[in-house]
Amino acid sequence: MKYMRKEYPLTAAQNMHYQWIREYKTQQVSGVSSVAALRSPLDFGLLKKCIQLEIERYGCLRLRFTKPDENGDIRQYIVSKDPRDIPMKDLSGMTMKEADDLMQSWAYETLDGNDRPMFDIYMMKLPEGYNGFFIHMDHRLIDSCGLVVMVNDLMQLYTHYRFGSEYPKDLADFEKVLESDLKKAGNEKRFAKDKKFWDDQLDALGEPLYSDIQGPSVLEAARKKHGDPQLRAADIERKQLFVAVKDYVLEPAPTKGLIDFCMNHQLSMTNLLLLGIRTYLSKVNDGQEDITIENFISRRSTHDEWTSGGSRTIMFPCRTVIAPETSFMEAAYEIQNVQNRIYMHSNYDPALIREKMKRRYHTPEDTVYESCYLTYQPMPVKMDNPFLKDIPMHNKWFANGAATKKMYLTVSHTENGGMNFSYHYQTAALTEKDMELLYYYMMRILFTGISNPDMSIGEIMETV
Amino acid sequence: MDNTVEFKNIVAQYTEIAAEDMTDDMRFREDLGFSSLDFMSFLGELEDTFDVELEQEDALQVRTLGEALEMLDRMTEE
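Line by line, the protein sequences give chains A and B.
Here the working numbering is used: the first residue of the first sequence is 1, the next is one more, and so on.
Here the working numbering is used: the first residue of the second sequence is 1001, the next is one more, and so on.
It is worth saying that the hints were derived from the structure and are not from the lab.
A few of these clues could be false.
[As the list claims (entries may be wrong)] In silico PhoX-like links for lysine-lysine, alpha-carbon gap of 25 Å or less:
hint: 1; chain 1: A; residue 1: Lys389; chain 2: A; residue 2: Lys125
hint: 2; chain 1: A; residue 1: Lys183; chain 2: B; residue 2: Lys1008
hint: 3; chain 1: A; residue 1: Lys184; chain 2: B; residue 2: Lys1008
hint: 4; chain 1: A; residue 1: Lys48; chain 2: A; residue 2: Lys389
hint: 5; chain 1: A; residue 1: Lys189; chain 2: B; residue 2: Lys1008
hint: 6; chain 1: B; residue 1: Lys1008; chain 2: A; residue 2: Lys169
hint: 7; chain 1: A; residue 1: Lys356; chain 2: A; residue 2: Lys196
hint: 8; chain 1: A; residue 1: Lys176; chain 2: B; residue 2: Lys1008
[What the hints assert, rightly or not] Simulated coverage check for chain B against chain A, where a stretch passes if three residues somewhere in it have a Cβ under 8 Å from a Cβ of chain A:
hint: 9; region: 1027-1037
hint: 10; region: 1061-1073
Note that the coordinates shown come from a computational prediction; the quantities given were computed from them, not determined experimentally.
Cβ atoms here follow ideal geometry from the backbone N, Cα and C, with glycine treated the same way.
Input sequences plus hints: build the corresponding full structure.
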């Protein structure tokens, strides 16, 4: 009997990346790359064995995509084996900057075609005695949380075989979790509830209003271009996708101030950050009260969701209308309230929200209501492995070099208790100066707010 | 209708604590480590599993397992 492989449609999170690939006509926008290396000699024969074992354990690594059908749609399937060799790249004769630059260039490469493995992995000999591996993947297989889980699992395998540590716990079966996700997405009652939530928001608040990092001139330019003085959406960049990255590190002491404020007021860090960004946007857009920011949600809650890998992160518009007389604290809770409701309806496909708005408000092609996108990564970057905890690490993410978003901020925690604010911005419209202003005012807003939670948003905008 | 077993099995998917070790006074956030996303996903899971529609305002006031179970029992009896 001929073996029939089991194929699945893409999940909403995967489809988000696939649609970007189609819209921007390059797989580059879906690349994710990282290096993980330890300042220690490694047994590369053993590392190769562990990488091969990881490919067996972590089902999402064995995902393939079919050729697009006549409508351009693709399906996915999981192969049972991927018996590849793991090549070695020796960059130990370079400086670390040269090695990083070379790995950065690998991150720009595309994984084109169908029915093929969707990741490359190399064992790495790096300068200054660092050794490890570099991985370049398609985001439809994995998101950054999934990649961190994979790296931890791989290093646990290595320390098990090398030092006799405990064998890592089983990872959840990717295919089962995928089936469960697709079943949830197909639940008609759930779908109706989610749809109602998003429709109700539009009914209550009407059409959103674009707010730009650079102020109202961007919306004005879109209104002129489309000959519509009432237009509420602005154009996105489709051609010049080059992205630059600017990182700012917030020191441990002020970071603790933010964390303590969140703890003391039962507020999540995501919501505090959203408040910081939205207040900045309001400030530079003449006090605009109706602000929308796209916030990425990792959609990982259960054990299985955490350990199955896969691309679970998806973005939803966080829209709030906050009057200037609202206190900082009230505004924070307002955002929390909105976000909590979004979390409950996060199985919904956000593409449907955008389609609905487009139909309802007849917005021109390639226009959006948001200029800022946020990801907050609560997971600590340090590997949770007692055999490795005292060994210096070189762990770096490489931007894929092609941004679909005007400005995408990733906030993560550093090993020393600080926070890293990584701004990825399209250089077609933005400069490092814009990022500097955004970071500076975000911090001024947040620290003025947490020191004076009863101060109004309007006063804070004037004060900073 | 006793929803306890199924309810605790769902909670167990989100925490390190086994269903048999759960007590009514355990708090979702402080004792079980639920984040806001976890809690809201959990409420959605309750709705789908028990085919009920939770009042979101009431659900957000829930702090402990006992309170959540009580709310669920009320909803399934209606």
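Hint check results:
Simply put, Lys389(A) and Lys125(A) have alpha-carbon atoms about 20 Å apart, close enough for the 25 Å limit, and the pair holds. Taken as a hint, the Lys183(A) and Lys1008(B) pair is honoured in the structure, with Cα atoms around 22 Å apart against an allowance of 25 Å. Distance check on the hinted pair: Lys184(A) and Lys1008(B) sit about 20 Å apart at the alpha-carbon level, within 25 Å; holds. This hinted pair checks out: Lys48(A) and Lys389(A) have alpha carbons roughly 22 Å apart, not beyond 25 Å.
Straight-line distance between C-alpha atoms of Lys189(A) and Lys1008(B) comes to about 23 Å, which keeps the hinted pair within the 25 Å bound. Simply put, Lys1008(B) and Lys169(A) have alpha-carbon atoms about 22 Å apart, close enough for the 25 Å limit, and the pair holds. A threshold of 25 Å between alpha carbons decides the hint, and for Lys356(A) with Lys196(A) the separation of about 12 Å falls inside it, so the pair holds. Proposed proximity of Lys176(A) and Lys1008(B) is supported: the alpha carbons are some 21 Å apart, at most 25 Å.
Residues of the region 1027-1037 of chain B with a Cβ under 8 Å from some Cβ of chain A number 4, which satisfies the need for three, so the listed coverage holds. Counting residues of the region 1061-1073 of chain B whose C-beta lies closer than 8 Å to any C-beta of chain A gives 0; at least three are required, and the coverage claim is violated.
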